[in-house]
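Given these sequences and hints, build the entire structure.
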Amino acid sequence: QTATPASPRPDEQDLPITMRAEEFDGRPDRILNMVRNVEITRGATGVTADTACYRRVDDEVTAEGHITMWRFGDRYKGDALQLNLETGKGWVLHPEYRLALNNAQGKAQRINFLGEDQAVVVDGTYSTCEGPDPDWYLKSSTLRLDQGRDVGTAGKTIIYFKDVPIIGLPAMSFSLSGARRSGWLPPTLGAGSKGSAELMVPYYFNIAPNRDLTVFPRYIFARGLQLGATGRYLGETDRGPYHGETHVEYLANDRLAHRNRWWVDTLHNQFLAPNWTYGWNAHAASDNEYPSDFSRTVAASAERQLLRELRTDYYGKYWNLTARVQSYQVLQDPGAVANPDLTVATPYNRLPTINFHAGRYDVLGGFDWAVDAEATRFTHPDDKQVQGDRANMVAQVSYPWVHPGWFVTPKLMLHATQYNLTHNAVGADDKISRVLPTFSLDSGLVFERKSSLFGPDGTQTLEPRLFYVRTPYKDQADIPNFDTGIAGFNYAQLFTENRFVGADKVSDANQLTAAIVSRFIESNGAERLRLAVGSRYYFADPRVRLNANEQSNQKRSDALVAASGRISESWTFDSGVQYDAQARSLYSSNVGMQWQPAPMKVLNVEYRFQRDTFGLANGFRNADVSGQWPLSQRWYGVSRVSYSVRDRKLLESLVGLEYKADCWVFRMGAQRFVTAAQTVSTTSFFQLELNGLSRLGFGNALDTFNKSIPGYTRLNTNVGRP
Amino acid sequence: FQLRGSNGSYTMPFHSIYLGFPDTSALGTELKRNLRASDQVVIADKATDAEAQFVLLGESRNKSILSLNSLGRVREYLLTYTMSFTVRDAKGAELVPPTQISLRRNMAFDETQVLAKESEEALLYRDMQADLVQQIIRRLASIKPAT
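First to last, the protein sequences are chains A and B. Under my numbering, the residues of the first sequence are numbered 1 to 722, in order. Under my numbering, the residues of the second sequence are numbered 1 to 147, in order.
I should point out that these hints are in silico values taken from the structure, not numbers from a laboratory. Wrong hints could be hidden among the right ones.
Unchecked claim - Calculated cross-link-like contacts (lysine-lysine; reagent style BS3-like; alpha-carbon spacing at most 25 Å):
no.	chain 1	residue 1	chain 2	residue 2
1	A	Lys-317	B	Lys-46
2	B	Lys-46	B	Lys-144
3	A	Lys-431	A	Lys-384
4	B	Lys-144	A	Lys-450
5	A	Lys-431	A	Lys-474
6	B	Lys-46	B	Lys-91
7	A	Lys-317	B	Lys-32
8	B	Lys-63	A	Lys-707
9	A	Lys-77	A	Lys-89
10	B	Lys-32	A	Lys-411
11	B	Lys-91	B	Lys-32
12	A	Lys-601	A	Lys-660
13	A	Lys-162	A	Lys-107
14	A	Lys-107	A	Lys-89
Following this line, the structure appears as structure tokens:
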């Protein structure tokens, strides 16, 4: 099916009319009667019939018996016809019709032509399926097909699927060409979280090309009617671009919980001036149980700390300034009442935090310098927690010698921090200041050689790198942890000076990191494969602890091995191993493979392990298998299983089936995932998408497949992509 | 193996380039700086003055959940940084066809350290940005000059 909007039709009023028949009578300047094998054509319009009559004054044709009429590719067959060749108005009785625009076809009692682009199908059917016996069709009292405006508008309509009426609507409209326009999206019937049946019929408002709104009325049989809406916009003012998206859900007077339930996500970014932006990012929910009671996606239930942030950024040529206010709503795990170990931590609010960064490269004969200053007021809803103001400044100067084959960068840093605390422990110091210098030396070599592993003229590099850091020790046990943690162990972190992220702790260091990276590069510069090995050696045991119960660190550090790349067009893999040399055990490891031999054929296998790091239940050992695969010519299966090997527990499972016919797609699926300590959500859904009626085909079913299965391809991708 | 640059292979096949990044783009600034380091290349202020034109087609960051623990809470995020670009010569002919580079990093997560993880996320995006710049430079260096 092609979906091109109607193009302007050429004016054919002045073209000559050709008439053919076996018998003519009448007066050529007034009325012409034609009998047997009549054919009347003008330009792209024409009629054949058994008998016909042409009235010159009105420029009008009437015809009877075995009528065929065509106009700009659209075809009509019927018993009788009247057509005004000048205005395009007329009618045809008992027609069958087919539109060139979208191959739509149907039958009717009568079609009234209102002009060249418009027709009203009276008591007729409409379908985009091929053949005389379509899989689905509409039956409407009136159906107005306006090809000029690319819209079909139906009055009282019943949709038949396999000759069974599936839905009746008082009125409906749809795009004839499949362009993005307002209309109903495929309804989804299913069972939501906690087994309650629900029906969702989304409606899409195409407000403008850069603005749309989707409304999701969802009737949850056990709870009541939930209204959801997602609005998206982007645009440009004379000061610069802006964009945003807001999603709200509201259920008045939940019949199970006896209260109003709601959820909001909103995001906005806008330029106030060419160098000045502001934006917000906020999420909120009515209550702690919302993610368990209503979650339809894994993402919505896994994140229980909801950020609310308002920020503004100003960019100068060599500096920038950011001011933010930030707080969190914590949706406590319902299981935490009985088991405090399950408590979701409440982060500090930053009301406000101001960051200033300035820096220049290549000044005074090759020096780089940068200053990062930050002032933050940390508050906490719990009065027993220490709170207060922190001012922090990090100044750094470095002198990089950079050549294509090697580099050496010595760097000096100075950390200066000042605290002014409240709600502190009795006898503790409320005013703390800390000044610490850091010296680091980064250096590396880059070797290259020809490699034909991935095609001719490829290159293999070998990049050894050494990174030394020295920071003196200072007792920081009195300093609270507002926003600081131990950095995750990864390649980027190996080459940072501080083993903590956040400004509350500066680790003492006398350590050397050694690493080698090797890359395979195609002749066009594309990186195909990367292998990395790195290790950090501590000459002295770091003494600064994040908290008192953090384990003593190690003389020899963790080692890291990572490999990732694209082995061939269809195989991709990603893997990494982090080995803790001190404890002689794996810190974390992951191996993942993706095989995508063709569109709609993908298999993913992944294994991920992480040792307990911060406390109880923090590590994991998960195996993930997912894929999309054709089961037969028309059936496609999708599946995902995420299994915690450690807890012998299924974290997430999804099974879906899709059937692809020529003019419709049917999807069904079931998903089950953990939403909190003692709750799982099991949802299922059924969705029928009729090509050409609800063409955007977006909705939960597709969303779920898309998010859960890396590499998933939509079956009817050619439909409805504006 | 031999030291890079010792056979002169890491020079850019053009003398001037225009970078189509907004002024506020950190990626653009970093790329500019790295291109300047190879001293034959001039960064042009206007597209019409340059032998090569770098056109940014799209830049996006995305954060998705990678691992959950048995309580259904996030233990690992996947951060992705995707950029697509094309390079044209002064006459508008393609030197590099539209190309997408996508980088990913895994980040371990824990609710008790949500603020620290925000800083770590920024660190990983900076690391990906530096990586991306190196990959772009290798693509630029591999351009075959039109004959």
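So, against the hints stated earlier in the document, which numbers end up violated here? none
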